[in-house]
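**Q** These are the residues of each chain, in order.
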Amino acid sequence: MSLPACGRSDTAGPSADAGSPAYGDTLVEASIGDISGLIPNITSDSASHEIGGLIYSNLVRTNKDLEVEGELAERWDVSKDEMTITFHLRKGVKWHDGEEVTSEDVDFTYHYMIDPKTPTAYAESFRQVRKAEVVDRYTYRVTYDKPYAPGLLSWGIWILPRHILEPAWKAGVDLRTTQQNRRPVGSGAYRFVEWKTGEKVVLESNHDYFEGRPYINRVVYRIIPDPSTIFLELKAKDIDMAGLTPIQFRRQTEYPAFQKAFHRYQYLANAYAYLGFNLLDPRFQDRRVRQAIAHAIDKQEIIDGVLLGLGRPAVGPYKPGTWWYKADVKTFPFDPERAKALLAEVGWKPGSDGILEKDGKPFSFTIRTNQGNLVRQQTAEIIQRRLRAIGIDVKIHVVEWAAFLNTFIRKRDFEAIILGWGLGTDPDQYEIWHSSKTGSEELNHISYKNPKVDELLEAGRRTFDQAKRKAIYGELQKILAEDQPVVFLYVPDALPVVSSRVQGIEPAAAGISYNFIKWYIPASLQRYQH
Amino acid sequence: MLPYLIRRLLISIPLLLGILCLSFLMLKLAPGEPTIVQQDLEARATGAQRETLRQLYGLDKPIYVQFGRWLTRVVRLDFGRSYSPDGRLVLDKIAERVPITLGLNLLETLIVFGVAIPLGILSATRQYSVFDKAMTVFVFVGFATPDFWLALLLMILFGVQLGWLPMSGLRSLNFEYLPFWGQVWDFLSHLILPLLVASVGGLAGLSRYMRGSLLEVIRQDYIRTARAKGLPERVVILRHAVRNAVIPVVTLFGLMLPGLLGGSVIIETVFAIPGMGQLFYQSAFSRDEPVLMALIVIGASLSLLGNIVADVSYALVDPRIRVSGKGRD
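Read top to bottom, the protein sequences are chains Y and G.
Going by our numbering, the first sequence opens with residue 5, and the numbers climb by one from there.
Going by our numbering, the second sequence opens with residue 1243, and the numbers climb by one from there.
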């Protein structure tokens, strides 16, 4: 399948004096929060996951085009009935302490993940496994009750060292309190060196890494809680890599010295924002109302005004550029007249004050969103104005995150919300759209129920055949676009910058960091000796 | 004196209990709970897992049971383990941050007292002079300037534009490889901006206080007497006036006690200094109750202790208060 080139660098290709690949130097990154632990399987913050990703290896992973490929697994077979996956591990891969990585480690990781005492958020897909067996030292086999396609990528979990953790686990010790969570032994491209709480985490390249020694010798994550400080450190060139906000990208890094010191990248982030309706509310149950609201909102205006043009209108719950994305679905271009006509069909007529009325009640609702996300608040304000123009009165209520979830989302006490979803590496979105997932703790909090969608979500899980899945999720996108259970607003751009010393970065559908071990700093440009 | 001290200490116990009880209640009344923050951004989390976590932390029990359990552990100085995924002992988490915050705040206090007292004396002895007026302006500006704003301005100037000083953290990345004096300078240079910003506010307030106190003393009869004796002005001010004027200022130190360990959220956040203020801030946002409650216990105990120290030191340096104190006993 073909992929649109969705990454681009500001500068015209790699600079001429690129120089040849060389080992050495340090890359300094910054993280707003301290990492919470170094067993990433039981953390949920992005810094821990990023660092964990360098220290540990996974059984499988996604490549630059977001397709599944083996990492610790050299290859895998899916049985005819698609219920069994057999992983064949690479031989000779070593933990950082010299022990070999075997299927026993995979098995330990599996059992740790499904242990009810393990405080992890990733247990669900492992619980679908009916039988897991160590066939031999390098072969691991899992069997599901039914074909379960997302299962394959769930093995993109960080594999933990059994020889280090099992004794403690068997003794009932909470693994968070073990050395492994502070001074981990992994099998990944970088070894752990030190973690100074609240200050920094230092990693060093693993010369024996099974895919070859990474060029960059050291990676340092500095913990700097204030985003403005991070930005100033970046401008002073004491940080080599960071993500920019739209304002920083458009207004504060547009001077030659910065452009010379850094390469800026721009590609679609793995996320989208939406305006969701509480579908238990009778007013939103008729899809013409939702379509009308979609027509009344100018998505491009939101992108230009709030994201300063750094994003794309969303038409469905997936990001353009993935193999399962379907572009030709019904869209709802900005058209207030069409919006009014649709609402009139349903019975909403303008009242004396210009607000639409039905059965004597004005069309008025509140959009809730969480505090601390200025982009969402501004989006709400723009939508408020646009809906007022077609006669819908909108109020905005911004609530602190925990209260937002507990008081409003869980109890379904909302009329409309502006939120976003992060996107996974698999098209499965069963948890979000399936009608069985509307419990108060579950994620279909808009209470969307569509038998056809349920059927497709189930079918999509039950086959590994990419062509079939593509067709299934294509159909799903068609129905969701037509139905507008939420108004899909935009996919924002990710805006990373990397010091221009660093060469070998090739933006792709997966972003830029997928080939981190191939990044290098030519000898003449190296800055840190240690 | 001693009975007074004992009584004060005894009264502090129910007071402390009250503070803890209220804090615990408020923490529980705040919407959301620790399990939310760990789970809710994850599409793969389920209700059953949340329940697992609730049981693990004992959050499924009624509040009074939770409070009782917590209190019985705390009297044995066992603050438990943090709810954050590192699961470390709360005391360890606090202990590694105490030296940083304490060191920084002691330095700051030294600077503030060392500079504010002379400034206050100069202002008082030259009342309404150009210097005094300039100081008044400085005090108003210093008091009104938000810490984080001043910090960012100084960082842009000294860090980005001039490149003279490091902007954040306590050590450079190559710290281990520097010679000894290089390390000393590296560490000190990292302290310059945070100390400067942290001192400005305190400096402003304290120098005013010193000025006011000295102006009051200068008008006393014994100062007139000293001048009438023909003593040189220097001796009148430094030996007779300042000694008395400094008493109320010094007792302020007792009230600063809890602040010494409290740390400043803003300074520590902007300058990326891993101290107590940062810990409190982060724990509050992640609903890390064991850490929060431990910090509240420490803060409340120090505040109560600070009040006692302030009262006692006042009595010690000023005989007039000691006498009336006796009267009350």
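Derived from the structure by calculation, the hints contain no laboratory data.
The structure displayed is predicted, hence computed values, not measured ones.
Glycine included, every Cβ here is placed at the ideal spot set by N, Cα and C.
Be aware that one or more of the hints could be misleading.
[Stated by the list, open to error] Ranges between beta-carbon positions, derived for each pair:
| id | chain 1 | residue 1 | chain 2 | residue 2 | range |
| --- | --- | --- | --- | --- | --- |
| 1 | G | Met1268 | Y | Asp397 | 34 to 40 angstroms |
| 2 | G | Trp1391 | Y | Gln263 | 50 to 56 angstroms |
| 3 | Y | Arg217 | G | Asp1334 | 22 to 28 angstroms |
| 4 | Y | Pro231 | G | Gly1454 | 56 to 62 angstroms |
| 5 | Y | Asp69 | G | Tyr1306 | 16 to 22 angstroms |
| 6 | Y | Arg389 | G | Trp1391 | 43 to 49 angstroms |
| 7 | Y | Glu385 | G | Asp1374 | 37 to 43 angstroms |
| 8 | Y | Asp69 | G | Leu1319 | 54 to 60 angstroms |
[What the hints assert, rightly or not] Pairs of lysine to aspartate or glutamate, EDC-like flavour, derived with a Cα cap of 16 angstroms:
| id | chain 1 | residue 1 | chain 2 | residue 2 |
| --- | --- | --- | --- | --- |
| 9 | Y | Lys200 | G | Glu1338 |
| 10 | Y | Lys482 | Y | Asp332 |
| 11 | Y | Lys334 | Y | Asp487 |
| 12 | Y | Lys200 | G | Asp1374 |
| 13 | Y | Lys522 | Y | Asp302 |
| 14 | Y | Lys200 | Y | Asp332 |
| 15 | Y | Lys362 | Y | Asp332 |
| 16 | Y | Lys474 | Y | Asp332 |
| 17 | Y | Lys200 | G | Glu1418 |
[What the hints assert, rightly or not] In silico negatives: residues of chain Y with every beta carbon more than 10 angstroms from chain G:
| id | residue |
| --- | --- |
| 18 | Asp38 |
| 19 | Ser40 |
| 20 | Gly41 |
| 21 | Lys68 |
| 22 | Asp69 |
| 23 | Thr143 |
| 24 | Gly202 |
| 25 | Thr233 |
| 26 | Glu258 |
| 27 | Gln289 |
| 28 | Gln295 |
| 29 | Glu462 |
| 30 | Gln470 |
| 31 | Gly508 |
| 32 | Tyr532 |
**Q** Confirm or reject each hint.
**A** For each hint, the structure was consulted:
1. Met1268(G) - Asp397(Y): 34 to 40 angstroms: holds, 36 angstroms
2. Trp1391(G) - Gln263(Y): 50 to 56 angstroms: Roughly 28 angstroms apart at Cβ, these two residues miss the hinted range, so it is violated.
3. Arg217(Y) - Asp1334(G): 22 to 28 angstroms: Given about 36 angstroms between the Cβ atoms, the range is violated.
4. Pro231(Y) - Gly1454(G): 56 to 62 angstroms: For Gly1454(G) against Pro231(Y), whose Cβ atoms are near 41 angstroms apart, the range 56 to 62 angstroms is violated.
5. Asp69(Y) - Tyr1306(G): 16 to 22 angstroms: violated, 57 angstroms
6. Arg389(Y) - Trp1391(G): 43 to 49 angstroms: violated, 32 angstroms
7. Glu385(Y) - Asp1374(G): 37 to 43 angstroms: violated, 50 angstroms
8. Asp69(Y) - Leu1319(G): 54 to 60 angstroms: holds, 56 angstroms
9. Lys200(Y) - Glu1338(G): holds, 10 angstroms
10. Lys482(Y) - Asp332(Y): Cα-Cα ~8 angstroms, so holds.
11. Lys334(Y) - Asp487(Y): holds, 10 angstroms
12. Lys200(Y) - Asp1374(G): Violated, at roughly 46 angstroms.
13. Lys522(Y) - Asp302(Y): violated, 42 angstroms
14. Lys200(Y) - Asp332(Y): violated, 51 angstroms
15. Lys362(Y) - Asp332(Y): Measuring from Cα to Cα gives roughly 35 angstroms; hence the hint is violated.
16. Lys474(Y) - Asp332(Y): Judged against 16 angstroms, a Cα distance of about 14 angstroms means the pair holds.
17. Lys200(Y) - Glu1418(G): holds, 13 angstroms
18. Asp38: violated, 7 angstroms
19. Ser40: With a cut-off of 10 angstroms, Ser40(Y) comes too close to chain G, as the shortest Cβ separation is near 4 angstroms.
20. Gly41: violated, 4 angstroms
21. Lys68: holds, 23 angstroms
22. Asp69: holds, 22 angstroms
23. Thr143: holds, 27 angstroms
24. Gly202: violated, 3 angstroms
25. Thr233: Since the minimum Cβ distance to chain G is about 5 angstroms, Thr233(Y) lies within 10 angstroms and the statement is violated.
26. Glu258: holds, 16 angstroms
27. Gln289: Fine: 25 angstroms to the nearest Cβ keeps Gln289(Y) off the interface.
28. Gln295: Label holds. Min Cβ-Cβ 26 angstroms, cutoff 10 angstroms.
29. Glu462: holds, 17 angstroms
30. Gln470: holds, 22 angstroms
31. Gly508: Holds: least Cβ distance 22 angstroms, greater than 10 angstroms.
32. Tyr532: violated, 7 angstroms
Checked against the numbered hints given earlier, this structure breaks hints 2, 3, 4, 5, 6, 7, 12, 13, 14, 15, 18, 19, 20, 24, 25, 32; the rest are met.
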